[in-house]
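**Student:** Here's the letter readout for the chains.
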Amino acid sequence: MSDVGISGLSVTYGATRAVNALDLEVAEGEWLTLVGPNGAGKSSILRALARLTPYAGRIEIGREDVARLAGRQLARRVAIVLQVPHMPAGMTVAQYVMLGRSPHLGYLGRERPRDVEVVAEVLKRLSLDAFAGRTLDQLSGGERQRAAIGRALAQEAPVLLIDEPTSSLDISRQQEVLELIDEVRASRGLTVIAAMHDLTLAGQYADRLALLVDGRLVMAGRPDEVLTEPVISNHYGAKVHVIRDGSDTPAVLPVRARKSKDPA
Amino acid sequence: MTAQVIAAPLRVAGLPRLRWLPATIGVAALLGAALLGVLVGPAHISAGTVLQVLTGSTNGDPGQASILWQLRFPRVGLGALVGAMLATAGAAYQGVFRNPLADPYLLGAAAGANLGATLAIAFGSGALLIGVNVVPLAAFVGAGVAVGAAYVLGRTVTGVRSTTALILAGVAVATFFNAVQTYVQQTQTDTIRQVYSWILGRLVTAGWDGVVLVLPYIGISVGVILLHRRLLDALSVGDEEVTSLGISARRVRLLVVVAATLGTAAAVAIAGTIAFVGIIVPHTVRLLFGRSYRVVIPLSVLFGGAFLVLADTAARTVVAPAELSIGVVTAFIGAPFFIVVMRSTRAAEL
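Protein sequences, first through last, are from chains A and B.
Under the numbering used here, the first sequence has 9 at position 9, and the numbering climbs by one with no breaks.
Under the numbering used here, the second sequence has 158 at position 158, and the numbering climbs by one with no breaks.
Everything labelled a hint here was simulated from the structure, so no lab data went into it.
Ideal Cβ positions, reconstructed from N, Cα and C, are used throughout, including at glycine.
This list has only true hints and no planted wrong ones.
Reference listing, derived: stretches of chain A covered by chain B, where coverage requires no fewer than 3 residues with Cβ under 8 Å from a Cβ of chain B:
hint, segment
1, 69-76
2, 85-93
3, 123-136
Quick partial rundown of chain A residues pointing at chain B, CB under 8 Å, derived from the structure:
hint, residue
4, Leu-52
5, Ile-80
6, Ser-102
7, Pro-103
8, Leu-108
The following block holds chain B by itself, in its conformation from the complex (with noise of 0.2 Å):
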């Protein structure tokens, strides 16, 4: 008889994955603040009407049903995939610009996103192109526009950093996209609400149309972004140094911040501008969590998704019937989560 020795896998300690606890909480958290924000609402639903509907029993009140199908999950799983999108291109940008402060709206998307959306509701509110409102349409567009003119402006550059000067062109390009947009805002001044409203996000949707509408975009933005996670830790030694290692940084940061305008362009199209959960959702998941890119893209993803829900949840509530801008509620309840990470875990990790 042969002793048979079977070699198990060579372990090195401090090579970065993610693991199954936070992978576990994450999808604890996201799965849990669906739940509250299904169950949240003026009509009080209960979490087994919740589970018969979704299981497809027919022994629940089809009235119930109808506001859980038309209104609820419609809305969570918007504010899920919005909330996903928003964190996982913020963190997307912080690795591609190795710039902690870089949010999905670095390069002019929510300038170009509120320009085309106001230049839509003043002119336009309500118009309908193949069967599709206006104004996300014109949000979507004003968003590409934006960031691709940063980007052309920003290759044009030379004596500067590439990363500093796309930065640079973003800060042009969404100056002035603001100021046509505010001339704009100020000489149509009947629809000024609508257009703060709008600028400030919310997630109001009536039924799946938003959900598919911007399902496609967001899935194959956050899949590009997963696939570059290796990619994106590369990165962070700088452009001279990853290029002797064979990666093409300037393919990186290209495919990268495409895929992760393409996502955010989406998402403001339909939620609006949507402050802060760029920076704070990928910054919470580095400080509890670790630095690896492997790790920060897919938490950012559930803890994104989570926020948003969470946020959205609070913004229909707070004032209830009357509802507030998501935007504030992200703010509001964000910073000061985020000052308390900060405080009680190394800032200096950021």
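Same shape as in the complex, but just chain A (with noise of 0.2 Å):
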């Protein structure tokens, strides 16, 4: 069971609210995007998730509190990539994808030949096998962002968060992660929560999208009900154009209020 059901979620820095009593849920398999102009709370929605951050109100995965889990037990059932991930100069692909496996080993455990195979296979699934021996410092941008889908997909875990995947990337690494993603998701039943900042994108990926502004849920639906002019104008403060082209997956260009080539 990966359904995830976030009740009266808040978190709280200091004297800023950046998630204010947020109700959501997510049913197994589907993929959400959790969109909104910055400091809405999307990130922070994901690390209360994977309990990185304090947070008061109830999360629940297959019908578990997360409060209650043990690091280890969250860590099985939940796993992310942050925005942008540490990554220690020095330190191999290969072992960086083992840390996933962190989970299934015991305290001062070791590696076994199981945890082997799953990393040669996510290895090879993200075709990060060639790049196996190199060290993370070596890697392209692309490459360290599949690295760290790599250590997150080690961990097996059924529900996988993922903040902002496609930033630092150029339109085709956007796609290409994307779509192996979504592949993995298909392939392995995932869950997936996102927070993404290009609305074309998100919409085209995701199931669902959740509209946040200020820490709070505006609306959630299905990207052509939320990716409307209206809603973008309103939210976002924006001016921008929807193309839609029959698809249910619209294209949001952004519109310049008043061309620079104009005469002035």
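Combine both chains into one complex, guided by the hints.
**Tutor:** So this is what it looks like as structure tokens:
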């Protein structure tokens, strides 16, 4: 069971309330993407789900209260890829991906053949097998992102949280990474909760979008329901053109209020 | 007849493990250094005699056997133990604090030991407590109190990363203890030479007492750190990410710091505050054999032991019949050696 239930979730940093009384359900195998302007609370929600930040309210994964799980139990249910993962220089890709097996080992345990098998499979699946012995500092941005996802997949957790998976990647690598996540989601039945800024990409890959503003859920629904010109203009304060080509994944195009090439 | 295919164990490139060659070099270095340490001294003793004495042969000169058993074996043994401990503790501290300049004295162990020893020398030199000389005992207690105070103080600070808070607390405690130590030293000028000699470190022992005294602490400490080598690698991704992997960074840090402190306190209690070993040895191992703690910790045990035995051999031969302080030798040969290693490999790997 990997459905996620969030009720009354609040995250506070000092006097700032980053997430305010959030209620949200994510079905098993669903891809939900959190969207919203900067400071909307997207990352804070992901961090609370992974228990990396204190929170008030209740989070359930497969009907189990996250607050009651031991650290290792939680890490076997939830894997998170942070926006800027820390990648120690000198650590090899294989060693980094192997860290994902930690929740399956005892405190002082050592990796068994099964763990090596999982790492080999993940490296192959992410086309990282040729880089296994290379150190993380020798990788390109796209390869590093794949390594970070590889570590999360090696956890074999049914829920994958991913914060801005495509930031700092070129358009081709963005597609590559998102396709990869979708492929793994389909084959493993993963529940994916992502936070993204790019609305078009968010709409193309997610089953549902949840729009947040100032820590509150404004609306949740299919991408074509959320990505409308009035909604975006109202909550982002941005002027956009939403292109619908007949499919249910609209493209969001920013529009300049005044073109610089216009004669003064 | 059916053909049976036995699958070979799966190998993935890039997974760190201690390989035979570096391990063999480490063992050879330790044994070589120990042999040299046993052979060198005012009385000439041949390698054959050492072998005879070790194997219990009765043909040897009883005087030489006595020199070996009473003086040289325990001294070499103590050097190996203290060196292994300081190098391992240095590597462990660098791992838990993710700071390449961390050494076993980072949280105030040296300052605490120095104050404890200074107080004991100034006010109770030669005194015994339950049959044990009070100076190492006071140094042990001083080191423990200083690191304990730094830990408690570091935990109460909020608003900065827990490792940063701990290091800052260590600096504050060390500064305070150093101030008290300097004050006591200046008001008790008749013992100043003794205090300096202690602070710079020495391995002068009579028999096996010192070895027996530190062995349990160093054994437990090195054992606990060795068991944590996988977790020390995991800590390098940072507290937050290691937490998301189900590992309690705080628990790892506490256990490793307690183990490293216990061993370091035992080492400084018996040998004084020998500098540089905890930085030079782990970094040299890293530069030569790889950065994973699965490699760095066991090799630091071996090379740390070898390095200090060699340094001690130099300390008692260079100005013989007098002896140099071992801390002078470790700095004198260690620092240039470290620079050579650093220049000849990739310094960025530090």
